[in-house]
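There are 2 protein chains.
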Amino acid sequence: MHAPRKPVLIVGSVALDTIETPFGAVRDVLGGAASYSSVASSFFTNVRMVGVVGEDFPREHLRLFQEREIDIAGLRTSTGETFRWSGYYEYDMNQAHTVATHLNVFETFCPTIPAEYRRTPYVFLANIDPDLQLAVLDQIESPKFTIADTMNFWISGKRNRVLDVFKRVDAITINDAEARQLCDTASLVTAGRQLLAMGPKMVIIKKGEHGALLFTPDDYFVAPSFPLEDVRDPTGAGDTFAGGVVGYLAFTDDVSEENMRKAVVYGSVMASYTVEDFSLNRLARLEHGEVLVRFAEMRRMTMIAE
Amino acid sequence: MHAPRKPVLIVGSVALDTIETPFGAVRDVLGGAASYSSVASSFFTNVRMVGVVGEDFPREHLRLFQEREIDIAGLRTSTGETFRWSGYYEYDMNQAHTVATHLNVFETFCPTIPAEYRRTPYVFLANIDPDLQLAVLDQIESPKFTIADTMNFWISGKRNRVLDVFKRVDAITINDAEARQLCDTASLVTAGRQLLAMGPKMVIIKKGEHGALLFTPDDYFVAPSFPLEDVRDPTGAGDTFAGGVVGYLAFTDDVSEENMRKAVVYGSVMASYTVEDFSLNRLARLEHGEVLVRFAEMRRMTMIAE
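So the sequences go chain by chain: A and B. Quick note on our numbering: the first sequence kicks off at 1 and runs consecutively. Quick note on our numbering: the second sequence kicks off at 1 and runs consecutively.
Warning: the hint list may mix true and false statements.
[Unchecked claim] Quick partial rundown of chain A residues pointing at chain B, CB under 7 Å, derived from the structure:
hint : residue
1    : Ser-187
2    : Glu-229
3    : Val-265
4    : Met-301
[Unchecked claim] A short, non-exhaustive set of chain B residues, derived as facing chain A with CB atoms under 7 Å:
hint : residue
5    : Gly-87
6    : Val-189
7    : His-288
8    : Gly-289
Bear in mind the hints are in silico, worked out from the structure with no lab data behind them. Glycine is no exception: its CB is placed at the ideal position from the N, C-alpha and C atoms.
This is chain A alone, in the form it adopts within the complex (with noise of 0.2 Å):
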């Protein structure tokens, strides 16, 4: 098959991530949704990345940028020190218990998007400033498909910009606390239908272990997440997951419905992997093969007959 494979534009955070969870401990590890994203992305299509980090970046975090054929010429190095952000989990790993949150090069961030980037047809606009989110947005040129992710942060500080963004995007990603958050709701299905409302064609309401909910005016999906027996470490499942959706989406460049559905189930197939191991390790070992045996699986595993 002879895929049309169209480019993605991804902006975002590019951290290093201090974690402890049941299974372990990390220090200043490579983290970050723009990261989490744009390597998911990578194994669907070419991905250009936009964000900044510090003096103080180690370069082989570089290196696997490079690997994945990532376009990181969008990616500035500020002075002073790159994004951090430190967490921990319990028991019950669909909490993540935030230590500290060290803005650095990214409190003054304003992303430029250099002119050769500005004509790409799909854009993921993940979890920043929504200010900044409706900044890039302002300069993209006919964009095909953009989604935009958010957070309760944004969500309480910043409610009245997260709905502009919501009004000039296709698509959005949001996680079910949030959603019930932002909707006032304990219904997700109460939330979803409010949310398309707000202006987005799609609404994608992550649950964590417990799967995705994709909506659009004449649609529901519903998709579980891939069952594992070790869940290692869950940081970047949600980035990862909307990486691997407009991934997909670019891949095929085709936004039905029916693509979508297939798109949100390889997002799940991408995010499945990233929790099995701390930082972006499993993704950076990842093969091709192991994605599209996972995706066979989850269809194998919702098949409900005639």
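Dock chain B against the given chain A, drawing on the hints supplied.
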């Protein structure tokens, strides 16, 4: 289609429940695992119910069983009061908080299976003392398919007897928290495999609003729950689910893996109606056509194209 339509024997509690949820409160309404599961099963096949009520049990509740053509020759009336449960749910309705449990006539209940019930091919042992479940298994003759439910109370207090039940039945249903408790693991996949190793050929882990997982030695199936905008009272959802599962299996007289998947989906559909209203109110006015509609929707919402 001329279906085989085998009968089902259900043994469990019939109760009067007092319940408060964020959407209302009811006092001394019809409840109990045998009530929910028998009425759910009755949408698919003939049901024979074994349980006990007190002299105070309102006659009007028997009318529902009779309307559903449930055989209540095995429902004894004993001297004393009917089993009573009272509890409440907060905003997160996945979690029931028990206020009081009064066993009353249930305290001395020893299920005697009427002679004409002993060869019933399909048997559901609802959540009762595992010693009573074993006593029922001793009385039935060459059943085709037995399925048992249990709960945290018995897992803590009579773990070995629960395991004795698991060794002797074809299938078990258990909720996610109980599976984790019994198997001492966070992973439901690990728990499902461990439970299979304890004896049953099929294990169903119920995840409330997140659906259900079906484990067999060679297969793994994920069923979502039906998406609802309004959940008024989750009481009885798990019992309704199990009743739907065993009812559909008996209706088709087919316990293949493929058919078991469909049974799990029918179970989810039945449960989705139960939670829309208090007590068995929604099931009491449910039409068979509505069951088929939601089953078709469940297939549609999980379908992934090739």
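Here's how the hints hold up against the structure:
1. Ser-187: holds, 5 Å
2. Glu-229: holds, 5 Å
3. Val-265: With a minimum Cβ separation of about 6 Å from chain B (threshold 7 Å), the hint on Val-265(A) holds.
4. Met-301: holds, 5 Å
5. Gly-87: This hint is violated: Gly-87(B) lies away from chain A, its Cβ roughly 18 Å from the closest one there, beyond 7 Å.
6. Val-189: At about 4 Å, which falls below the 7 Å cut-off, the nearest Cβ of chain A leaves the hint on Val-189(B) intact, so it holds.
7. His-288: violated, 19 Å
8. Gly-289: Because about 18 Å separates Gly-289(B) from the closest Cβ in chain A, which is outside the 7 Å limit, the hint is violated.
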